[in-house]
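Full structure from sequences and hints, please.
Chain by chain, the residues run as shown.
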Amino acid sequence: MQVISMIVNDEFGVMQRVMGEFTRKKINVETIVVGKCELEGKARIVLTVLGRDNAELALERLERLHDVLEIDILNETRHEAYALVANEEGKVRLIGSIQEVTKLIDSMKPEKYIQAVNAL
Amino acid sequence: MRGAEILVDVLRDEGISVLFGYPGGAMLPLYDYLYESDMRHVLVRHEQCAAHMADGYARVTRRPAVCMATSGAGATNLVTGIATAFLDSSPVIALTGQVPTSIIGNDAFQEADIFSLMMPITKHNFRVMNPKLLESDLRSAFKIAGSGRYGPVQVDLPKDILNAEIDPLPEKYPVRANGMKKDLSRLPDAVNLLRKAERPLIVVGGGAIWCGCGQDVMELAEMTISPVVTTLMGKGAVPENHPLVLGMVGMHGRRVANWALEECDVLLAIGTRFSDRMIGDPSSCRTKVIHLDIDSGELGKNVTATIPLAGDARTVIREMIMAMAKKTGSTPWANRVGELKERCNCDFNIMDSPIKPQKVIHELNTILPEDAIITTEVGQCQMWAAHFLRCDGDRRFITPGGLGTMGFGLPAAIGAKVAAPDRAVVDIAGDGSLMMVCQEIATAVAEDIPIFICLLNNQRLGMIMQLQNQFYDGRLFAEQLGAFPDFVKLAEAFGAKGVMVDDPSDLSSVIEEGTSSDKPFLADIRIDTEEQILPMTIRGQAETKIIQGKCAWKGVS
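First to last, the sequence lines map onto chains A and B. Numbering follows the numbering used here, with no gaps: position 66 of the first sequence is 66. In the numbering used here, each number is its position in the second sequence, counted from 1, plus 120.
Do not rely on the hints blindly, as some may be mistaken.
To be verified - Reference excerpt, derived from the structure (chain B facing chain A, CB under 8 Å, subset only):
1. Tyr153
2. Met239
3. Pro240
4. Ile264
Read the hints as simulated data drawn from the structure, not as lab findings. Glycine included, every Cβ here is placed at the ideal spot set by N, Cα and C.
Spelled out as structure tokens, the structure:
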């Protein structure tokens, strides 16, 4: 799993512009986290793709966008996985490394879940 | 100041003196201001052609040019023209009207989400939602379009923004434009590789036209005794009568140029993206490649570069020249190439009747002035022009190489003539392409823009015929245009001059008349309907397939 982190202008249309580059290069986005960040008027996007080549290709295309102010591929030590898991008994929040969270989900076999990866 | 007034002020300040456009409800605040401004407005007959005209204008001036259309259908009509500009890296600024900000998203009358539609076919685009950002967004649009690798930028202008009372900017707002990544760390390696090459070759693409580095390329070619080939988009960057220049490579390129591309040991590629029509299967490129492009994204995209260089071609070539020792005398490679070039120079002054298209191009070669601007449509007519036309001296060759947009040539010629009224401008057209945009003859007449439409009329979609013959067992379908119009009457109906030619001996006088005509002129040249554009080279992984046709090239023996 490759994690790309970027700072973008926090405006309508920016997500579409960023996603458009993935569409054009036929790269699937595995997970995505977007939110406010420490810079006013900017947002941070953290997304994951499979394969180093895909990540580098996406980086090459994204860093040329005028709405992308900073972008980097973050190494494994900085990855954090999250999941929200639910079955009849209720909801559970999972936090850990990508491997840990994936393993837990596999063993729990939950009815529903959503998994995402974040990084700083 | 009103938004529309600020807009016109910014345009003027950015060096714009002509707009190609078509009005509509959402754009009327701007047109109301144009009423009292000295800005020239060329009223087109279809918005697609406004984009092509701005494109033609931009390709001649190498500066951003502006087209505009109203909201909704007007704006969607621009899409083909902007996509054409995008693939050929042309700095077209598209101004589109939009419904007022308060009703965007309500499916208002003439509303289209043109901001989304334009996103993948522009270098960047803006929707001005805050009147205070109007000026900075416009300035950014010009900065982005005309820097780095050029490209189109769209600015969506809601009607209330054009009407808004805006205080002039008290201070400069930051202009948004990401710089291009520059990486010349391997320049010394490139110089070494080129110096040691036994069989060097330089290929120049459209990038060399945009940065105007043709003379520098030839200086480097002479120093290193490297033959030079061009891509379709690079045609005209270097003088084709220079002994080292072999002409165009690619599917319909010259045999000697394609041969050199296969045989060279070091290829210096300048401002080309190694498109599939140029190189065929990228894995067929087995030579060492020094790839120089202003857009780092092109390096390694289609072919693996042995040495990638990201930077401005002219600057980098100047640096190469400084670092290079001049070779003197000759090399076995250059002698060989020179010999083969002679064998590739066939005589296509064919007097056959019906007229051969090659004969028409031969006459154009002879008659067109040294600084003529040639635009093309798409299909056989384009490839006959690309293969046989000689771009010596200052001749410009303007063609929609990337998107292959039929109907580009006529409006691009009109835009080019507006940019360079003193130069002869010829559209080498086919009947299929011309029919897509023939309404623009009216624009040329109304605006007094005397372009010459040199129509190679074979009454069919010749390239379709040719491909169906070659690859679909001759199952010809949907390639006959059947009830084709009388193009002479069509030209006359619009107020232009039209002449029909079916005798090859009349060609030269008609072409001379068309080139020097003081009003739009259409020569309806009835060419051989069976003629194909050959040779055709298809470079594949395992083998290179060549359909020779009449081409007399004996190749290497």
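A quick look at each hint next to the structure:
1. Tyr153: Given a least distance of 27 Å, the restraint on B/Tyr153 is violated.
2. Met239: Since the shortest Cβ distance to chain A is 6 Å, the answer is holds.
3. Pro240: 5 Å, holds
4. Ile264: 6 Å, holds
Of the numbered hints listed earlier, the single one contradicted by the structure is hint 1.
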